[in-house]
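Undergrad: Chains as they are written, first to last, in the working numbering: chain A, 348 to 622; chain B, 348 to 622.
Don't take every hint at face value.
Heads up, the list lumps identical chains together, so a pair's fine if it works in one copy or across two of them.
[As the list claims (entries may be wrong)] Straight-line Cα separation of at most 16 Å, EDC-like style, residue types lysine to aspartate or glutamate; simulated pairs:
id : residue 1 : residue 2
1  : K457      : E578
2  : K361      : D468
3  : K457      : D575
4  : K457      : D531
5  : K457      : D571
6  : K361      : E422
7  : K585      : D508
8  : K457      : D401
9  : K361      : D605
10 : K361      : D599
11 : K361      : E612
In case anyone wonders, no lab produced these hints; they're calculated from the structure.
2 protein chains.
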Amino acid sequence: MSLARFSINQMTVKQLSLPELVDACRELGVPGVGLWREPVRAHGLEATAALVRDAGLAVTTLCRGGFLTATDPAERARALDDNRAAVDEAATLGTDTLVLVSGGLPAGSKDLHGARERIADALGELGPYAAARGVRLAVEPLHPMYAADRCVVSTLAQALDLAERFPAEQVGVTVDTYHLWWDDTAPAQIARAGASGRIHSFQLADWTTPLPEGVLNGRGQIGDGAIDMREWRSYVEKAGYDGPIEVELFNDALWARDGREVLAETAQRFLAHAV
Amino acid sequence: MSLARFSINQMTVKQLSLPELVDACRELGVPGVGLWREPVRAHGLEATAALVRDAGLAVTTLCRGGFLTATDPAERARALDDNRAAVDEAATLGTDTLVLVSGGLPAGSKDLHGARERIADALGELGPYAAARGVRLAVEPLHPMYAADRCVVSTLAQALDLAERFPAEQVGVTVDTYHLWWDDTAPAQIARAGASGRIHSFQLADWTTPLPEGVLNGRGQIGDGAIDMREWRSYVEKAGYDGPIEVELFNDALWARDGREVLAETAQRFLAHAV
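The task is simple: from the sequences and hints, build the whole structure.
TA: And the structure:
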């Protein structure tokens, strides 16, 4: 029973400032963090890089790039620029993994297939740029309830269909229990992802109901919901994954509490349900 | 451009009493209705059967049976009894199709596979009972956001994996755009369903965001959302389906309006977007 592979995604305890987060990780023996671009920018990119480096914390992922489905050429160019910036930030922070949330349908569009093809085009531009800087893109399938407005990539199979067009050191996937737990084909797709070395990130969140309005901030604390975390951990491990396990919760109730207390609870839940 | 295949699911205009609904259908030239057990019971089963028969309205489905995932033996026996009653009601109402919503995980359970197997067991008991009364069971995959608390059957492939264990005249599926639109494997599964004569019901609802709290009553009016209705109609028709097309919306905003006006609008939207 150890926290050796545990990583706390910054969003889980977004009420903590970066120095508070780093302090709390040191105190609790948490060895890794997944960072988000906005709070990193607020603290300063170089300052954040120094802070985590000096604390000996591993940066397991940077969240997030993506939003690559625009049809408008200017909007598309801006998205690509922003993703190149995200790659640069990942490299500066010392993480090898940039998580990508693909983006939803453009306003008025009903064309999921076309949107997915535009993501493939963008990955073709971004993959070599990222790999040249030691960063891998990790396409994250999001739960189908986000297909219209956030991420047209809804299953691990769809994410792999995109990723496999490119070398694994450029493009892989994020496996997140919250998004995949309902899918009886996901275990086979995890094996497929592992076989080509494409599991670039593994994240945990539990599924609790009722879902809140907008369905964004209702991810359950580990152990509170319907997902067997050990089962999903066994799938990625059988597929050869032995990297960090990041807990990423978006949850209004957790955000309303003391951040250190939530981090301690999350580490305890990880030990109780995922180790 | 005709309403010949249009059917209004009673839930779409639940503010109308059964006599009001039947009147409005006659006035607007709506030839079919999908009924729900609770309002039918409130009006009286035999009285409802006479009402729709005298009006020359087709009852395209009865909603709904199901909720077959209990582990407790007494609860399971009650669910089977209730489903046999639903079959009897369908037969009395003159519809050949009972829609089944399978049920969610029992409290505390994380075992989706086991829950799906209990549904198969129940279908084995209910299928012959239904077929003997001229009623087909139509297993409805519900959107994966309902997997925990409402329906562990989340994809058309899962529904067919269950249905195909039984003769098509006993068990088939419901194809509902709201639940399947995000799934790029659904068109092939619709072809699979058609090939064995298992498309027992085809329902339309549009996908609009943001989703409301609890995600039950946010189904969009046809044409308001992300789903290309003609595309999905073409999938079922290529698969050989030429039956009724039922519009089933659960929508608080529509329920707050005049029911006749909503029915007229829904028929108009059907003509504009699905014919």
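Undergrad: So which of those numbered hints doesn't the model satisfy?
TA: 2, 6, 7 and 8
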